[in-house]
Each structure stands twice: as C-alpha cells, then as structure tokens.
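Build out the structure end to end from the sequences listed, making use of the hints.
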Amino acid sequence: MIEICLHGSLKRDFGSRFCLHATSPADALNGLFSQISGLRDKIRAGTFLVRLNGKIQNENNIVENFRQPEKTATIHIIPRTAGAGRAGQLIGGVVLAVIGAVAMAYGVPWGSYLVQAGVGLALGGVAQMLSKPPRLDGNSQGQKASRNTAFSNLDNTAAQGQPVPLAYGLVYAGSRVISQGVESRRTSQDDPILNNPTAQNVALNIRKTFVAGVAATAPNGQPYDTDFAHDSVRARNYVATLST
Numbered sequence: 001m002i003e004i005c006l007h008g009s010l011k012r013d014f015g016s017r018f019c020l021h022a023t024s025p026a027d028a029l030n031g032l033f034s035q036i037s038g039l040r041d042k043i044r045a046g047t048f049l050v051r052l053n054g055k056i057q058n059e060n061n062i063v064e065n066f067r068q069p070e071k072t073a074t075i076h077i078i079p080r081t082a083g084a085g086r087a088g089q090l091i092g093g094v095v096l097a098v099i100g101a102v103a104m105a106y107g108v109p110w111g112s113y114l115v116q117a118g119v120g121l122a123l124g125g126v127a128q129m130l131s132k133p134p135r136l137d138g139n140s141q142g143q144k145a146s147r148n149t150a151f152s153n154l155d156n157t158a159a160q161g162q163p164v165p166l167a168y169g170l171v172y173a174g175s176r177v178i179s180q181g182v183e184s185r186r187t188s189q190d191d192p193i194l195n196n197p198t199a200q201n202v203a204l205n206i207r208k209t210f211v212a213g214v215a216a217t218a219p220n221g222q223p224y225d226t227d228f229a230h231d232s233v234r235a236r237n238y239v240a241t242l243s244t
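So in our numbering, spot 76 of the sequence shown is number 76, and the numbers just go up one at a time.
These are calculated hints, taken from the structure and not from any lab test. Where hints are given, some of them may not hold.
If you anchor each label on the Cβ, the simulated ranges turn out as follows [said to hold, decoys possible]:
hint, residue 1, residue 2, range
1, L170, I56, 25 to 35 Å
2, Y172, R40, 46 to 56 Å
3, Y168, Q116, 34 to 44 Å
4, H7, V102, 14 to 24 Å
5, V102, V182, 58 to 68 Å
6, Y106, S16, 28 to 38 Å
7, V102, G38, 36 to 46 Å
8, D231, G169, 50 to 60 Å
9, Y168, S232, 34 to 44 Å
10, G169, A101, 45 to 55 Å
11, Y168, P69, 30 to 40 Å
12, G124, C19, 44 to 54 Å
13, I99, Y172, 47 to 57 Å
14, F48, S24, 11 to 21 Å
Below, in silico cross-link-like pairs of lysine-lysine (DSS-like), each with a Cα-Cα straight-line distance of 27 Å or less [as the list claims (entries may be wrong)]:
hint, residue 1, residue 2
15, K42, K11
16, K71, K55
17, K11, K55
18, K55, K42
19, K71, K11
Where a beta carbon is used, it is the ideal one built from N, C-alpha and C, also for glycine.
Encoded structure:
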C-alpha cells in the first residue's frame, strides 16, 4: 500500500490523502494521475517539495527512488512558497527574523544574529519594492544624451548598478563615461599654468576684434531694432585671433 498526501493548493483542489495498491511510487502517482483530472497538469506547472518516506527528493535521485519497488511507502507533495516579483527578499528577511526569534526564545546563542540578518534583508526588500530599478534603452544609443553643448554628448551605456566588463587581450569596444567637466578661471601673470609655453600663448595672445553686426530680419521684411553698442550684442560679434 502506497499512501500519497497532498498539501496546500493541491489538498484544497483534489483532496488530501490517497492510498493505492501499486508496486512502486511511480506507479502509484501514474494511477492517481489517471483517476484525478487536472492533477498531472497542476503538478507539472508548479514547484513542489516531495518527500518519500520522510526523505526530501531532488532532481538527481527522485526518478531512481520512485522506480524502486516498494510494498509500503508514504509520499508527501508540498507546494513551495515563492515570493511575487521583488518581494522575495522581503519574505526571506521576515522568515529569517522569525526563525531567529524562535531560536532566541529557546536560548540558542545564534538566534540574535539571525534576527539582525533577517531585519536587514527585509529592509532591503522594502527598498527594492519602493524604488524603481534602473533600465537601459534597448537601442545602441544607450541612455538619452544630455543637451549640454560643452561636450559632444558621449553616450553613457551603463546605468547605476550595472556590471562593468573587464576585457583581456586586444578588444574593439566603445567607451563608458565615468565623469566629465569643465573648469574655467582667470589667470594672472604669476599663475603656475603660465609656465607652460603653450598655455601662455593661448591664455595671453588671443585677441578679439569686434565687427559690426547685422540686424536680423523680421517676418514682415523689416530689420529688428538692434543696439549694436550694447555689451550683450558686442559679445556675439567679434573675430578671435591667436597672435604668434
């Protein structure tokens, strides 16, 4: 006699306990599948913990053990608990905290460590649920290029939290921008940067030659009234030359 015990949703939908005269656990399950419609599909679509005579079965030994002849055997099929979406870390943290609290109640010294680890894991799970994970664009352009005109809008193909590849040998790859910036300052005659002859020429020998501006034309064909003597206009109407 082989006894099959169903638990969880299987127990609710199909029943809890079945006894069959079979030569092996595999034959008993096949006999139950042929008698109860939908049970085979439900087990095939889910994830379950299987115990045979009190021993947990895994993918490596379940086929061989279930084919062994047995006069009497007890099979328990238990649905596995799974977290939905990003709540898995939260559920795992709560379980650890509960186990640690029970262990502390019985005087187990490592119970407090489990509680601390469980609380930290649960808080991390809550943070994952509240925050939106970074997503990368599927095209080759990477993330949206900024409108900064100071640079050539280099694509940043790595969002925060993404792995950075480490290549060996000769590779052909693009760039990943870590940081970029511009620093501007007014130099004086005693500035150390002027010790560089190239920097000295660039910093001191640039000359501006202001030119007469041309007024833009309005849609009606008349030129706009523009004050070309104003500093804001003069700042946009000049020719820069580098003296040697």
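Now the hints, each set against the structure:
Our hint of 25 to 35 Å for L170 and I56 is violated, since their Cβ atoms are close to 50 Å apart. Taking 46 to 56 Å as the suggested C-beta distance range, the pair Y172 and R40 conforms, at roughly 52 Å. Between Y168 and Q116 the beta carbon distance is about 40 Å. The supplied range of 34 to 44 Å therefore holds. In this structure, H7 and V102 meet the distance hint of 14 to 24 Å, their C-beta atoms being roughly 22 Å apart.
For V102 paired with V182, a C-beta distance near 60 Å keeps the hint of 58 to 68 Å intact. For Y106 and S16, the hinted distance range of 28 to 38 Å is satisfied, since their beta carbons lie about 31 Å from each other. Checking the proposed 36 to 46 Å range against V102 and G38 shows it holds: the Cβ atoms sit about 37 Å from each other. For the hinted restraint 50 to 60 Å between D231 and G169, the CB-CB distance of approximately 57 Å keeps it satisfied.
At roughly 55 Å, the beta carbons of Y168 and S232 sit outside the given window of 34 to 44 Å. At roughly 53 Å, the beta-carbon separation of G169 and A101 lies within the given 45 to 55 Å, and the hint holds. In this structure the supplied range 30 to 40 Å is violated for Y168 paired with P69, their Cβ-Cβ distance being about 55 Å. Against the hinted window of 44 to 54 Å, the Cβ-Cβ separation of G124 and C19 comes to about 46 Å, which satisfies the hint.
About 51 Å separates the C-beta atoms of I99 and Y172, a value consistent with the hinted range of 47 to 57 Å. In this structure the supplied range 11 to 21 Å holds for F48 paired with S24, their Cβ-Cβ distance being about 19 Å. Between K42 and K11 the CA atoms are separated by roughly 12 Å; this keeps the pair inside 27 Å, and the hint holds. For the hint pairing K71 with K55, the CA-to-CA distance comes to about 17 Å; that is within 27 Å, so the pair holds.
The straight-line distance between the Cα atoms of K11 and K55 is roughly 20 Å, inside the 27 Å bound, and the hint therefore holds. A distance of roughly 23 Å separates the Cα atoms of K55 and K42; the hinted pair therefore holds under the 27 Å criterion. Restraint check for K71 and K11: satisfied, since their Cα atoms lie roughly 24 Å apart, inside the 27 Å limit.
Of the numbered hints given earlier, the model fails hints 1, 9, 11; all others are met.
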